[in-house]
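Participant: Starting from the structure of chain A, add chain B where the hints point.
Order-wise, the sequence lines are chains A and B.
So the number in my numbering is just where the residue sits in the first sequence, counting from 1, plus 8.
So the number in my numbering is just where the residue sits in the second sequence, counting from 1, plus 1.
Worth flagging that the hints you see were computed from the coordinates, not collected in a lab.
Note that the structure is predicted; figures quoted are calculated from it, not measured.
Some hints here could point you the wrong way.
[As the list claims (entries may be wrong)] Coverage of chain B stretches by chain A, computed from C-beta distances (three or more under 8 Å per stretch; other residues unrestricted): (1) 299-305; (2) 396-402.
[To be verified] Just a sample of chain A residues kept apart from chain B, beta carbon distances all over 12 Å, derived: (3) E22; (4) E23; (5) E38; (6) G68; (7) E83; (8) F91; (9) L92; (10) T107; (11) F108; (12) A145; (13) L148; (14) L172; (15) D219; (16) P240; (17) L244; (18) E245.
Beta carbons are placed, not taken as given, at the ideal position from N, Cα and C, and that holds for glycine.
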Amino acid sequence: MLEIKNLCVDLEEEEKTILKGVDLKIGEGEVHAIMGPNGSGKSTTSYVLAGKDGYEVTDGSATLNGEDLLDMDPEERAAAGLFLAFQYPVEIPGVGNMTFLRTAVNAQRKTRGEEELSAAEFLKEVRAKAKSLKIDADMLKRPVNVGFSGGEKKRNEILQMAMLEPKMCVLDETDSGLDVDAMKLVAEGVNALRDGKRSFLVITHYQRLLDHIKPDVVHIMADGKIIKSGGPELALEVENNGYADILAEVA
Amino acid sequence: MMYADRKPIKKTAYVMPDVALPTGGKWITEARKSALASASEYGMPQKRDEYWKYTDPTTLTSDTPTPAAIFDADEISLFDNVDRVKLFFVDGIFNADMSDALDLAGVEIETLETAGSADILWVSSLYGTLERNAQRPVPRPLAALNTATATQGTVIRATGKGAKPISLIYLHEDENSDATIHHTIKLEKGADLTILENGPAAARFNKVMEVEVADNASFHHVRAQGRDHERRAVTHIFARLGTASSFKSFTLTVNGVLTRNEAIIEFTGDNAHATVAGACAGDGDFHHDDTVFITHDGVNCESRQVYKKVLRNGAVGVFQGKILVKPDAQKTDGYQISQGLLLDDNSTFQAKPELEIYADDVACSHGSTVGALDDTALFYLTSRGIPHKEAQDMLTLAFLGEAIDEIEDDTLADDIRARLERWMARRHG
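Just chain A, same shape as in the assembly (with noise of 0.2 Å):
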């Protein structure tokens, strides 16, 4: 599915070093989470591969299913069926929720050379996509998450996933500023998509949202690499001791 290979990226503004050399495959309907200390490079990963301006890579490839992700636009990427759920939810005054998402989902359709959707279709599903999320009307009317909760915010980046059903999901720290229910809501949202077909990638700090986002492997990134693999024990050797050891162990 997603196939990273010695991916080198700089910030474009100063002469900083991001990325070293990240090498990742993640195969279909496999669950991989990316952990690691503050500053590691697990956020400019995920951007790099959305296709965020202010990043130059140096070397290396990322690969959607053998289509070169770094070649494309950030719609081309979107189109070709990957999504990213943002670590801050941008708030975009004016621009009505649902219009948004109506225009994003046609938006991918007619790129892919779909029929678009009628209103009424639309409308059909993403209310009942909205209502297993438990976002009301409301949420939908409002404009692009202004004046939503950091809960509210994250929910609508699922059911944004929901609704546009990429083939791989990069979740950057979703679970930030969530509380333990609003994580649950946003982890059963998440597992919903799973069919054994769709991958995913989630970055977090922390491995209680591993808890309910089960992965398959687990890596451990630290200053622009991937340092180590594993199983979701991993995860839990991390919540118990820390980085420090498998930092120290790998050097």
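Facilitator: Then chain B, alone, in the frame of chain A:
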């Protein structure tokens, strides 16, 4: 300095074109003479005048207008879904054949031509009056010149709720036309009236609208200027608001090499509300100036100014907005926001917000910003699969939307949005 000590701004030198007054009845001749004297006192505006610092008035005051090509691109028609009384002006001349009958329940409508030679007390006491009152402290000579020379326009008096909106449509057919139109509108106590305006009007257009809104009356105004790229316009709206009255005016401007829109509003009664809002989209050789002066002279009145300008390819936007709160205008709530969205580095937005407050129990706020589209928001939209241009349009419309939201009637607001969407779609070819 006390409010009463204020004097109008003195001009150092002035120029005045040769003006021959039109012939008309007694009262209008008096009004014209008085207005011409007023215009002559100050002379025509010049670039060095404080309120013309950002907008060059030369082409508005020249003896002959600069020709303006007729823009014949297919344009979405406006207000089609609105049942309205349509009055057509072609290059500034009223066209009775094209227009509906001057007949509307709750409202009396006449042309200025007819009223000028008749004796209608309310017209003769209102025509030119609000314009004259507004000449201090800031002179507005182009409006005085309009009062002195206009032969075209309407006089409209609402005594109840207007059964439908009156739609003033300004067609431009002659590349050299120089149009002067003066509307005189009175809403009697408790009346309710909607005026719609659209069309490029002429190569050069000088329009004045005087609106007296009596106690408990409501006035709604939605206009769409533009279309012809080369047209020039200077417009003034003068309003006087009675107790518990309401005044709402919105203007959309796309295209037009030069537009100066002035709104001068005075609260004379208590508990009244006024909103003036504008959305403008300028591309290339485009200069758009909103100049607003709101005088609070009643207790517990609320005024809102909401102006949004999207500019690109060297377009220039100007906003000059003033709130004056007189000593007895306690509990005034004055709000003003002006924002420029620059889609490139070549465009300019100039803003001059002014507050002058002589009462001590008031809440006035103003804000002005200028900036580009938010990169973070653009990335968010494109990361969901929305193409870059479409994402730009969504954010641009959202920006202007805050001004469009000031329109009370949803049908009218949707029409304005549709016009903008169409404009943006055409840009992408």
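Participant: Hints first: check each against the structure and report whether it holds.
Facilitator: For each hint, the structure was consulted:
1. 299-305: violated (count 0)
2. 396-402: Holds, because 5 residues of the region 396-402 of chain B bring their Cβ atoms closer than 8 Å to Cβ atoms of chain A.
3. E22: Consistent with the label, E22(A) stays out of reach of chain B, its closest Cβ about 17 Å off (over 12 Å).
4. E23: holds (21 Å)
5. E38: The assertion about E38(A) holds, with a minimum of 22 Å to chain B.
6. G68: holds (21 Å)
7. E83: At roughly 5 Å from the nearest Cβ of chain B, E83(A) sits no farther out than 12 Å, so the non-interface label is violated.
8. F91: violated (8 Å)
9. L92: violated (6 Å)
10. T107: T107(A) not clear of chain B: closest Cβ-Cβ about 8 Å, inside 12 Å.
11. F108: Since the minimum Cβ distance to chain B is about 7 Å, F108(A) lies within 12 Å and the statement is violated.
12. A145: The claim stands: A145(A) keeps its Cβ more than 12 Å from every Cβ of chain B (closest is about 19 Å).
13. L148: L148(A) clear of chain B: closest Cβ-Cβ about 15 Å, beyond 12 Å.
14. L172: violated (7 Å)
15. D219: The claim holds: D219(A) sits with its nearest Cβ about 28 Å from chain B, beyond 12 Å.
16. P240: Consistent with the label, P240(A) stays out of reach of chain B, its closest Cβ about 29 Å off (over 12 Å).
17. L244: holds (32 Å)
18. E245: It holds; E245(A) is separated from chain B by about 33 Å at its closest Cβ, greater than 12 Å.
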